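Engineer: With the hints as your guide, set chain B onto chain A.
Going down the list, the protein sequences come from chains A and B. Okay, so the first sequence: first residue is 1 according to the working numbering, each after it adds one. Okay, so the second sequence: first residue is 1 according to the working numbering, each after it adds one.
Keep in mind that a hint or two might mislead.
Identical copies look the same in the list; a pair holds intra-copy or inter-copy alike.
[As the list claims (entries may be wrong)] Restricting the straight-line Cα-Cα distance to at most 25 Å, the calculated cross-link-like pairs of lysine-lysine (BS3-like) are: (1) K189 / K211; (2) K307 / K97; (3) K307 / K10; (4) K283 / K54; (5) K189 / K307; (6) K165 / K10; (7) K307 / K211; (8) K283 / K51; (9) K189 / K10; (10) K283 / K266; (11) K266 / K307; (12) K10 / K54; (13) K278 / K266; (14) K97 / K266.
Worth flagging that the hints you see were computed from the coordinates, not collected in a lab. Source: prediction; values computed, not measured.
Number of protein chains: 2
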Amino acid sequence: MLQTIGQRAKQAEPILRTLYTMEKNRALHQVAEDLLKKQDEILAANEVDVKAGKEAGLSEGLLDRLVLTPERIGDMSEGLRQLADLDDPIGEITAMKERPNGLLIGQKRVPLGVVGIIYEARPNVTADAFGLCFKTGNAVILKGGSYAIHSNRAIVSCIRGSLAKCQITEDAIQFIDDTSREVTTEFMKMDRYVDVLIPRGGAGLIQSVVKNSTIPVIETGTGNCHIYVDESADLEMAAAIVMNAKTQRVGVCNACESLLVHERSKNDLLPVLADLLKEKHVKIHGDERVMELIPWAVAATEEDWGKEYLDYEISIKVVDSLDEAIEHINRYNTKHSESIITNRYDHAQRFLNEIDAAAVYVNASTRFTDGYEFGYGAEIGISTQKLHVRGPMGLLALTTSKYIIYGNGQIRP
Amino acid sequence: MLQTIGQRAKQAEPILRTLYTMEKNRALHQVAEDLLKKQDEILAANEVDVKAGKEAGLSEGLLDRLVLTPERIGDMSEGLRQLADLDDPIGEITAMKERPNGLLIGQKRVPLGVVGIIYEARPNVTADAFGLCFKTGNAVILKGGSYAIHSNRAIVSCIRGSLAKCQITEDAIQFIDDTSREVTTEFMKMDRYVDVLIPRGGAGLIQSVVKNSTIPVIETGTGNCHIYVDESADLEMAAAIVMNAKTQRVGVCNACESLLVHERSKNDLLPVLADLLKEKHVKIHGDERVMELIPWAVAATEEDWGKEYLDYEISIKVVDSLDEAIEHINRYNTKHSESIITNRYDHAQRFLNEIDAAAVYVNASTRFTDGYEFGYGAEIGISTQKLHVRGPMGLLALTTSKYIIYGNGQIRP
Chain A
1 MLQTIGQRAK QAEPILRTLY TMEKNRALHQ VAEDLLKKQD EILAANEVDV KAGKEAGLSE
61 GLLDRLVLTP ERIGDMSEGL RQLADLDDPI GEITAMKERP NGLLIGQKRV PLGVVGIIYE
121 ARPNVTADAF GLCFKTGNAV ILKGGSYAIH SNRAIVSCIR GSLAKCQITE DAIQFIDDTS
181 REVTTEFMKM DRYVDVLIPR GGAGLIQSVV KNSTIPVIET GTGNCHIYVD ESADLEMAAA
241 IVMNAKTQRV GVCNACESLL VHERSKNDLL PVLADLLKEK HVKIHGDERV MELIPWAVAA
301 TEEDWGKEYL DYEISIKVVD SLDEAIEHIN RYNTKHSESI ITNRYDHAQR FLNEIDAAAV
361 YVNASTRFTD GYEFGYGAEI GISTQKLHVR GPMGLLALTT SKYIIYGNGQ IRP
Chain B
1 MLQTIGQRAK QAEPILRTLY TMEKNRALHQ VAEDLLKKQD EILAANEVDV KAGKEAGLSE
61 GLLDRLVLTP ERIGDMSEGL RQLADLDDPI GEITAMKERP NGLLIGQKRV PLGVVGIIYE
121 ARPNVTADAF GLCFKTGNAV ILKGGSYAIH SNRAIVSCIR GSLAKCQITE DAIQFIDDTS
181 REVTTEFMKM DRYVDVLIPR GGAGLIQSVV KNSTIPVIET GTGNCHIYVD ESADLEMAAA
241 IVMNAKTQRV GVCNACESLL VHERSKNDLL PVLADLLKEK HVKIHGDERV MELIPWAVAA
301 TEEDWGKEYL DYEISIKVVD SLDEAIEHIN RYNTKHSESI ITNRYDHAQR FLNEIDAAAV
361 YVNASTRFTD GYEFGYGAEI GISTQKLHVR GPMGLLALTT SKYIIYGNGQ IRP
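In isolation and in its complexed conformation, chain A is listed as follows:
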């Protein structure tokens, strides 16, 4: 089955590569319309999934991600319309110059080709991922979580129907209708057909893909994000930023998971902050100096410093210097988002220069690391690796370039 899917994607690739922007936008609008029209079918399929998920004892959080509502289908549809409105990066020639021998050399933005996406039981990702890949001229092969299988089938069938209406190959989107572990592992080895594999989900899924894939992978998502409150920080600002980064939404990769506080700020900040965190039922894992100030904190273990809680929990450590803070962060972070709260110019600059992460902030919440907040529109995830793309991945992340060279008989001397 996978072989056939791979071959079909490869057949679709040259067709999609040369579609005009207006053809792609028309199809995106068609899908947006049809998702609303077929809402009842999609909701019925989703009900089957949700029922099975409840019986299997899925957590509240997972069930919440699985469930579709008319409003959520409306959001999926609206997301595709917004994608149609975004500029198409494909075809842009970013540099064109004449070389001394008369060769005219330019670099043209082109689709990656075939994109594979492995994700968990979140049916909205199905439409989002299709939209981003399609807008950038890529064929997409989706492998969704088993608990969303009926929802995904219904959404993919709807999208393929819309493509057929627009006389565009339905194989622009394909769906692996087998959620077994063996098939997933086989999928990760399909480097002959798939140009890039993007896992969207938790740390376990991502690590499994990185380890097993022979396809180039874009690593996304896990975020052990730190905030460091410096000696010179505005402590009211610091408390507001920590509260925002920790509690505005806890299950996301750009939430704050660990707080470092300078020795000279600890007495004024920690008791106040502890009360605010307590109000929100945030559990504190602290080092010794933190526990002296916050008696109800629990002792942090070595494991806590590296942990992405994705929950109402935070680790807190007191440090004696900026150097110690930078060293700690570069050691334990996942290269996602890090912030310093300071009023010292030199410390701000050193933090920006020396911290190794996709996004480094001064005096702002880590929660801004996001495609929309950065002004790029829809995103396919946050890259925490250094190759190809780093940080929020918008349409550009799904493209590559090729050199086009116009000659008139040049040979190499």
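Structural biologist: Just chain B now, kept in the frame of chain A:
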């Protein structure tokens, strides 16, 4: 041993990341000077390698790549001086804009971190790879071919000495002094310490790295490059370009390995071209229609269409249309360099749009796919993958970006 090397590279990383351009350039000049001063030691070490290589029966081609001469050491030295003259991409901020909430967001060019390079018995790569990685603020871990072990030791020791003189951590360059297969495989799994792995060498080496590495890989090098001579081609130009691309240098990845000729051009082109190829002792693997015109050609097998000869051999096929040519090339090429010889505007445009490769040419030799020829200066190889960088890899390929964000208390609503 590998563990220690990895840890040392990680310790060097933050130091190298924040070096000023002038410090890096001074060190490059120091290395360039010291390579010349220590020429005798390096040549003596190389002699040991060459002697062992001869005894082991290495081919002429491999021995030629292994051998060092005063002139070649001069080239290595001069290459480092040229690198010092190139602009340093590190630190450039490519976009800086104010978001509606007052956040100032920019994208800064930064080093990748730790670069691993696995290569064959070519001692000049040792100095080149160090220079490129060092100029871009990366620590480099080198794993060279066993036949060059003494030469590599001498070159690395010289470079580390120069770095020490400049008060820069010697661990900017480290060398795996064990060329066993087990150590090589272990090296490919060091994703904890190494940010990117670049194999430089033949198809076997590259495939082994792609299959076994858990570190992100930049695939380089193999080139099954085609030239398609269209129905409307200037046949004199076509013959000159084919001869250049096939015979100017045969052992390189941008040499032409396969020729497609339109049915209407075959009678006028092939007999003339065959004589030229014969003069250069090029063996022709042809399809039936080629063999009718060139009696001394041998029959091409299916395997020939996918083969990178790297030798005085070429496969030739007659096609009936541009469509057939494009389909054949997209099926058998290695996404490296492809050229059409034509006078038809529509065919040139279609070829540029529809061929999937790092470099697509009209009326020019594929031999131009090269960092210097494209105007970027020194290169670390030609990327044939689509992620991160495609085509000749200059200094930019060894960098990534990070978002730097200046706030004044922003939190996410």
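Engineer: Run every hint past the structure and note whether it holds.
Structural biologist: Verification of the supplied hints:
Taking identical chains as interchangeable, the C-alpha atoms of K189 and K211 lie at most 25 Å apart whether they share a chain (11 Å) or sit on different chains (9 Å). Proximity of K307 and K97 under a CA criterion of 25 Å is satisfied in neither setting, with 49 Å inside one chain copy and 33 Å between copies. For the identical chains of this complex, K307 and K10 are inter-copy neighbours only, at 21 Å across copies versus 40 Å inside a copy, given an alpha-carbon limit of 25 Å. Proximity of K283 to K54 under the C-alpha cut-off of 25 Å is found in neither arrangement, the shortest distances being 28 Å within a copy and 69 Å between copies.
Only between protomers do K189 and K307 lie at most 25 Å apart by alpha-carbon distance; the minimum there is 23 Å, versus 30 Å within a single protomer. Taking CA atoms no more than 25 Å apart as the test, K165 paired with K10 passes inside one copy only; the shortest distance there is 21 Å, against 55 Å between copies. Proximity of K307 and K211 under a CA criterion of 25 Å is satisfied intra-copy only: 20 Å inside one chain copy versus 30 Å between copies. Within a single copy, K283 and K51 get their C-alpha atoms no closer than 32 Å, and across copies no closer than 68 Å, so neither meets the 25 Å cut-off.
For the homomeric pair K189 and K10, the shortest alpha-carbon distance inside one copy (16 Å) is at most 25 Å, but the shortest distance between copies (30 Å) is not. When the C-alpha separation of K283 and K266 is checked against a cutoff of 25 Å, the pair qualifies only within one copy, where the shortest distance is 18 Å, while the shortest distance between copies is 78 Å. With identical chains, the CA atoms of K266 and K307 are at most 25 Å apart within one copy only, with a shortest distance of 22 Å there and 67 Å across copies. Taking CA atoms no more than 25 Å apart as the test, K10 paired with K54 passes in neither setting, with 38 Å inside one copy and 46 Å between copies.
For the homomeric pair K278 and K266, the shortest alpha-carbon distance inside one copy (17 Å) is at most 25 Å, but the shortest distance between copies (82 Å) is not. Proximity of K97 to K266 under the C-alpha cut-off of 25 Å is found in neither arrangement, the shortest distances being 57 Å within a copy and 34 Å between copies.
When each numbered hint is compared with the structure, violations occur for hints 2, 4, 8, 12, 14.
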